[in-house]
Amino acid sequence: MDAIAVISIFTLAVFVGFEVVSKVSSTLHTPLMSGANAIHGVILVGAIIVADHSKNNNLELGLSLAAIVLATINMVGGFVVTDRMLEMFKPKKGDQK
Amino acid sequence: MNSTLYSLVGLAAGVAFILALKGLSHPKTARRGNLIGAFGATVATLSVFLYVTPSGESSQSHSLPIHNLGWILGAIAVGLIIGVPAARKVEMTQMPQLVALFNGVGGGAAALVAIVEYLNLGEKASTAAVIFTVFTVVVGCVSFSGSIITFMKLQELMTTRPVVFPGGRFVIAATLVAVLGVSVWVVTALGTTPLLVLAMLSLLFGVLFVLPVGGADVPIVISLLNAFTGLTVAASGYVLSSTLLIIAGTLVGASGTILTRLMAEAMGRSLFGTLFGAFTAKPQAVSGTAEERPVRSGSPDDVAILLNYARRVVIVPGFGLAVAQAQHTVRELADLMLSKGIDVAYGIHPVAGRMPGHMNVLLAEANVPYDQLAEMDEVNPTFGQTDVAIVIGANDVVNPAAQTTPGCPIYGMPILEVSNAANIIFLKRSMRPGFAGIENELLYDPKTMLLFGDAKASLTKVVSALKAL
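Top to bottom, those sequences are chains A and B.
Mapping the first sequence onto the numbering used here, position 42 (from 1) lands on 90, and the numbers just tick up by one.
Mapping the second sequence onto the numbering used here, position 130 (from 1) lands on 138, and the numbers just tick up by one.
Since the hints were made in silico from the structure, they are not lab data.
Hints are supplied without guarantee of correctness; some may be wrong.
[Said to hold, decoys possible] Ranges of calculated distance between the beta carbons of each label pair, as one might list FRET restraints:
hint, chain 1, residue 1, chain 2, residue 2, range
1, B, Ala197, A, Asn105, 18 to 26 Å
2, A, Asn105, B, Met9, 21 to 29 Å
3, A, Ile52, B, Ala181, 32 to 40 Å
4, B, Arg319, A, Phe63, 48 to 56 Å
5, A, Glu67, B, Thr200, 35 to 43 Å
Beta carbons: idealized from backbone N, C-alpha and C, even for Gly.
Build out the structure end to end from the sequences listed, making use of the hints.
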């Protein structure tokens, strides 16, 4: 991959990451952390790619499959638990905010 | 699927993650934001099955379907069978440790991916690729073992107090130096044994890094490790030529860093103090005689009488309330007081419960009206006009030691100043100190009344006593 392209993507993503969460109320710290936690579960994509590449090697395949299991737990479990937390925040009658 | 389409799907998923984080930052859009994130992750995962990524050694890609498809689908099924029920069934009180665990397995997955990448690196691999791979192994392992320790602390499988041993900081420094040294070795001399040594050392460093952190500061560390895992995902993205992983990982790394700082600020802690405070703090004089000091304990009737003649009452809920599942009973008490014309508010400390915002989630679950929940900055100036402050299963968040005792683990944390109220009622199970393990002087204050017992049972008795008045 082109080094300049990678550096550009990385730098822009850092700024976007800083910007989007800079004004979050403490009430939402926990769900936000949990949601961000679920997002890094996309390492699942990387785990599937390395599993595809492990052709004739049982050790590599075994490690890749273990990574897939862990990444799936991280991603799916993370989104489900975040949704459960946020379910509690549904607007109620008389809620002015 | 051709490579252009694959890249565009990856970009769309990256945008979905940005929208997800943006949505999660506002109460109204939070739930939708999370769903957008889940959608992006699903689309990204599906797209890898439809496109064959060229492997590092040969730029020649094979045809679909991808290799080991059956095994891959099987492993995903196993992950679903473990992850979904765990997330569905967990009690809301235990949710922080589940988040810690999910973060840990994510770090573990990133480390494993990097180990396979490393084994796959051909002779043509660039130095940058090797460095990023080694970085992922190290940080992924630290995140994994560190998260396991935070899980054990939150689950109270081990002491919640800072674990410090003589020469601890030298051991940590030595481990860090060893990790860096072996990293250089692994980068220069490609080999499986050095990599294994590096992984072990990194796991050890993760444990040593989290052990000295006190229970109350654990959420900050979880957030930091979360940011770490994000960076490992970004580094993996570079090695695997996946723009999506670079974007997603960097977003989590950056937002996680900011979030860690915001959390530390909400707790009035510096990040440095959180991580290394245990080494610089003077050993706490834990007085063994504390149990013998006189306290004023009362009956549910005494509490009911006090409440009946109050004009303003502030309820300070803590983790003990959640453990006793007393959210509904406390709401009943609040409703009863309101019907008697008493002004009632809940004073919510930013870190009440085990994580910032945890208590809001728990009370919302019990349908406590949102407008009765007052944040610390709103409620603190009103304690002077408050007749009774009822502290239910909370301790550290009202402990004046945070303001008066420099060197104690929670020193500097903003607290709910219940000591300014005319009367204080503590509902506690026992005289045991709070999560941070610090004695609370307020318990011995003459205007404090203690009601011992399970929070739910005590509250039920207070409610019936108040009804009878």
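Q.
If I claimed the Cβ atoms of Asn105 (chain A) and Met9 (chain B) lie 21 to 29 Å apart, would that claim hold in this structure?
A. Given range 21 to 29 Å: holds, Cβ gap about 26 Å.
Q: For Glu67 (chain A) and Thr200 (chain B), compare the CB-CB distance with the range 35 to 43 Å and indicate the outcome.
A: holds, 42 Å
Q. Is the distance from the Cβ of Ile52 (chain A) to the Cβ of Ala181 (chain B) consistent with 32 to 40 Å?
A. holds, 37 Å
Q. Quick one: are Arg319 (chain B) and Phe63 (chain A) within 48 to 56 Å, going by C-beta?
A. Given a distance of about 51 Å, which is inside 48 to 56 Å, the answer is holds.
Q: Could you see if the CB distance from Ala197 (chain B) to Asn105 (chain A) stays within 18 to 26 Å?
A: About 21 Å separates the Cβ atoms of Ala197 (chain B) and Asn105 (chain A), which means 18 to 26 Å holds.
The structure agrees with every numbered hint stated previously.
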